[in-house]
Structures are given as structure tokens and as C-alpha cells.
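Turn these sequences into a full structure, and let the hints guide you.
Listed below, chain by chain, are the residues.
Protein chains: 2
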Amino acid sequence: MRIGDGYGEMLLAALEEGGDILEIVERDDGLIMASRFGPEAYLAPFPKWPSRQRRALRLARGRVLDVGAGAGRIALRLQEKDRDVVAIDASPGAVEACRRRGVRDARVLRVEDVDESLGVFDTVVMYGNNLGLLASRTKARRLLRRLHAITSDRGRILGECLDPYEGAGAEHRAYHERNRRRGRMGGQLKIRIRYRDVATPWFDYLFLSREELGELLDGTGWRLARTIEDEPPLYIAVIEKEPRAPASRTG
Amino acid sequence: MRIGDGYGEMLLAALEEGGDILEIVERDDGLIMASRFGPEAYLAPFPKWPSRQRRALRLARGRVLDVGAGAGRIALRLQEKDRDVVAIDASPGAVEACRRRGVRDARVLRVEDVDESLGVFDTVVMYGNNLGLLASRTKARRLLRRLHAITSDRGRILGECLDPYEGAGAEHRAYHERNRRRGRMGGQLKIRIRYRDVATPWFDYLFLSREELGELLDGTGWRLARTIEDEPPLYIAVIEKEPRAPASRTG
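Protein sequences appear in the order of chains A and B. Residues 0 to 250 in numbering that gives the first Met the number 0 are what the first sequence spells out, letter by letter. Residues 0 to 250 in numbering that gives the first Met the number 0 are what the second sequence spells out, letter by letter.
Warning: the hint list may mix true and false statements.
Claimed, not checked - A short list of chain A residues far from chain B (calculated; beta carbon distances all over 12 Å): (1) R1; (2) G17; (3) I20; (4) R26; (5) A33; (6) R35; (7) R98; (8) R103; (9) R109; (10) L161; (11) E170; (12) N178; (13) R193; (14) D196; (15) P232; (16) K240.
Said to hold, decoys possible - Interface residues of chain B toward chain A, partial, derived using beta-carbon atoms under 10 Å: (17) M32; (18) R35; (19) R195.
None of these hints come from the bench; they were simulated from the model. Glycine included, C-beta positions come from ideal geometry on N, C-alpha and C.
Here it is in C-alpha cells:
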């Protein structure tokens with residue numbers, strides 16, 4: 000088994016061969032899940048997206064950062080609408096897929112490495128459960144402050160997530176409990192993607208309840224404005240910047 | 000991760016939840032494959048089977064042993080035709096699935112443990128690549144002799160297999176080569192099935208070219224009569240008993 004860009008190889012193969020994507024995700028306790036994604040998940044045009052994703056995208060204003068862009072469907076949709084969008088993904092294969100499909104500005108970049116050199120954004124889109132890239136309590140706060148620094152005063156995050164506790168089976172509840180005993184958040188998954196003879200490195204991926212997300216945002220300059228839901232336990236969190244404290248008149 | 004009957008749990012879940020089966024097979028070098036099986040692979044009625052399987056089943060005469068019966072589709076088809084069939088599978092979950100679906104005689108039994116207590120069979124069916132249960136050169140010869148002992152003079156094996164060399168990609172060719180260096184047959188795979196938090200134990204599963212199969216049968220009392228093919232590199236081997244040497248008139 001090679002350690003490498005299994006996720007990117009999977010996307011490029013799907014582009015070349017067509018058809019469904021069978022994505023294999025392995026958790027560090029050995030749980031393994033294969034999910035079949037029809038084109039609607041990675042490659043589809045806007046009308047085939049889940050309703051929550053279409054509805055939330057109306058809230059994407061101004062200049063957009065598409066985080067974990069995958070095969071670029073969000074960036075492509077925004078380009079169609081003449082929007083200024085930068086697509087980033089940690090996977091070189093995913094960025095290659097974005098470029099082949101016509102995304103004009105796609106970059107190999109981990110979200111934790113974004114900085115002012117990218118310019119200022121008004122909206123950060125993290126679809127496909129990519130709010131999970133918050134990774135852990137500590138990393139989340141660091142990342143949220145970083146996103147705060149590269150967004151305008153009307154900055155907004157549209158982050159898709161999954162409530163890990165809603166309807167969780169025994170094997171998931173045991174995992175959440177083990178996490179808590181180790182000081183991790185319940186839904187902090189250590190996972191990797193496997194594709195044929197390649198596995199990605201293990202990485203943390205954070206699933207949060209709406210309440211946990213609200214608490215996590217506290218003190219970061221962001222607040223949970225609302226959620227958009229059509230297929231719970233999935234939800235899209237609309238996260239907005241807290242208004243700046245007004246400058247003191249007497250200061 | 001538990002070690003257990005992941006294969007059976009997968010089949011029972013498919014029965015209960017309906018829909019496609021996503022089967023995850025892991026090879027001992029870390030290669031992993033998810034395959035989507037629509038109902039035609041495990042649950043479908045006869046008219047939806049691949050043509051080679053329908054054609055070869057016409058050759059199933061007399062009393063039938065269905066080896067690696069899975070969810071029982073072959074046994075069910077033969078029962079419909081008022082045929083006497085015994086379904087065996089090493090997986091308790093698979094046998095439970097057979098029974099729930101109406102297979103009258105389904106037993107938890109590994110093919111290498113069959114013996115005269117089951118009675119005499121005229122046909123042994125090993126569909127779904129189950130000729131792979133031959134496992135290795137040594138085990139194959141032992142198993143073929145055992146099947147010889149529990150079959151009538153007109154005994155016949157209908158064994159489905161895959162030629163591992165036809166169109167094999169680099170990661171497969173390297174595996175074949177490694178096998179040969181270790182004295183194993185090229186297509187001798189060490190694999191396991193993974194389903195959610197369960198993995199089956201590792202087991203050998205043998206893919207053979209038609210030529211290798213012919214050589215392997217040599218001296219076992221069986222011969223390769225012909226193959227039935229519609230989707231190479233898959234094939235169904237029709238394996239028949241060699242005629243007994245006539246009793247010597249002068250002996």
C-alpha cells in the first residue's frame with residue numbers, strides 16, 4: 000500500500016472513466032465505509048445538488064473561497080455566475096480535476112495554510128462535510144481566526160457538517176465515548192481515504208452538533224447565524240462575523 | 000475492528016435494508032476494492048443473471064451441491080425447478096440469509112469439510128468466482144479429490160473463475176510476481192472482506208487462467224471439458240469426471 004493522494008486519484012479516475020464514485024473511508028478503529036456517489040456529489044451541475052446546498056449558495060456573496068474544492072463543482076457554478084472564486088484543495092489530484100473541468104483559479108493548498116496573499120474574501124464555502132476540516136477544538140479555533148483575518152467585515156462561512164450523535168449506532172457511540180475519554184471532541188474522527196493501492200495519510204475530521212459548533216465559535220469573532228437543513232443529520236451552518244465593537248466616542 | 004462474519008453481516012443487511020451491496024475486498028498488500036453489486040449478483044431471480052451463469056446452469060444435472068451459496072439465489076432457482084439441492088457456505092450469516100429467503104437445505108459448512116454424510120451429488124456449482132475456493136495448488140488438489148469422492152460417476156463441477164492475467168494492471172502484475180517468488184500460484188490472492196466494523200479472517204482465493212486450471216486438474220480424476228464465456232476475463236469452467244479405466248478382462 001502506498002501512502003499518497005488516494006482521494007485525488009479517485010477523482011481523476013472518475014473523471015476519466017465516468018460513472019459512479021465508490022469512496023472508501025476507513026476510521027482508525029477499523030470501521031470502514033464505502034459510499035456510492037453519483038455525479039451529484041462530485042461532478043454534477045447545480046440543478047442536481049441537494050436542496051440545502053442550492054439554497055445556501057444563494058448566501059454566497061462577493062469574492063468566494065471554495066475550501067476542499069474536490070472536482071470543482073462549486074467553483075464552476077460560481078464562475079458561471081461571473082463570480083470571483085478561488086478553489087483550494089490539499090489534494091493535487093483534486094486540483095488537477097478542477098483545472099481539467101475548467102476552474103480558472105485552483106490551487107493546491109491546505110485550508111490551515113491560507114493567508115493574506117490570497118486577498119480578501121466575502122464568503123468561505125466548505126461543502127461536502129468540509130466543516131470537518133476544523134479537525135479538532137484547538138485547530139478549529141486557530142483556523143477560524145485565520146479565516147477571520149482573510150475575510151471582509153461582512154465575511155460569511157457556509158459550512159456543511161453532520162451531527163454525529165443524531166441516530167448514531169452502537170459502534171459510533173463507543174467511538175465518541177473513547178474520544179471523550181482521550182480529551183477529544185466526541186465527533187472527532189481520525190480517518191483516511193483508501194483507493195485501490197493508495198491510502199491518504201490519517202487526518203482528523205470533525206463532526207459537530209449544532210450546539211457544539213455554537214460553543215466552538217464563541218470568542219473567535221464568528222457566530223452561528225442559522226442552519227439550513229433538508230436531510231438531517233446533515234446541515235449547512237451559516238456562520239457570520241460578529242459586528243465589530245463600535246469605536247468608543249470618548250476614546 | 001472485530002474479526003468475524005463480515006460477509007454474512009453484509010448480506011443480512013442487504014436483505015433487511017434492500018438496495019445495492021457495496022462489497023469491500025482488501026488484499027494483503029493493502030489494495031482495496033469496493034464493488035457495487037446490484038441485486039443481480041446476490042439476490043436476483045434467474046432472468047437477471049449474467050448469460051454465462053444461465054447457460055451453464057442448464058448443465059446442472061441430478062442432485063446439486065451449491066458451494067459458497069451466498070444469499071441462495073442458485074439454490075432457490077434449482078428448488079423452483081424441483082431439483083434436489085444442498086446449499087453450503089462457511090458464513091453463518093450467508094446461511095441465515097439463504098434460510099430467510101426460502102432455501103430448504105442450507106448448512107454452515109466449508110467446502111473443504113464436505114464428506115459422504117451429505118450423500119452423493121451429480122453436480123457441484125461454484126458460482127460468483129467460487130472456483131477461487133480452490134485456494135492454492137495443494138489445497139486445490141485435496142479439495143478436488145474430496146469432491147471426486149462425493150460425486151457420482153457422471154459428476155460435474157460448474158466453477159466460475161477469473162483469469163487474473165488478462166488485462167492485469169501494474170499493481171496486479173507485481174502481486175502475481177511476488178506470489179511466484181514465494182512459490183505461490185500467480186493468482187493466489189490473500190484477501191478478506193470488510194464490512195463496517197468487522198473483517199473476515201484473511202483467506203486464500205485462487206484466480207486461475209484456463210491453462211493453469213487444466214494443469215491443476217491433471218491427475219485428480221477431473222478434466223476441463225470446456226469453458227462458457229460472455230464477459231472475459233470471467234469464465235465458467237465445465238469440469239467433468241474422467242471415465243474410469245475399464246476393468247481389465249484378464250485381471
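Structure-based check of each hint:
| no. | hint | in the structure |
| --- | --- | --- |
| 1 | R1 | violated, 8 Å |
| 2 | G17 | holds, 14 Å |
| 3 | I20 | violated, 10 Å |
| 4 | R26 | violated, 9 Å |
| 5 | A33 | violated, 4 Å |
| 6 | R35 | violated, 6 Å |
| 7 | R98 | holds, 25 Å |
| 8 | R103 | holds, 33 Å |
| 9 | R109 | holds, 25 Å |
| 10 | L161 | holds, 17 Å |
| 11 | E170 | violated, 5 Å |
| 12 | N178 | holds, 15 Å |
| 13 | R193 | violated, 5 Å |
| 14 | D196 | violated, 5 Å |
| 15 | P232 | holds, 18 Å |
| 16 | K240 | holds, 41 Å |
| 17 | M32 | holds, 7 Å |
| 18 | R35 | holds, 6 Å |
| 19 | R195 | holds, 6 Å |
Comparing the model with each numbered hint stated earlier shows that hints 1, 3, 4, 5, 6, 11, 13, 14 do not hold.
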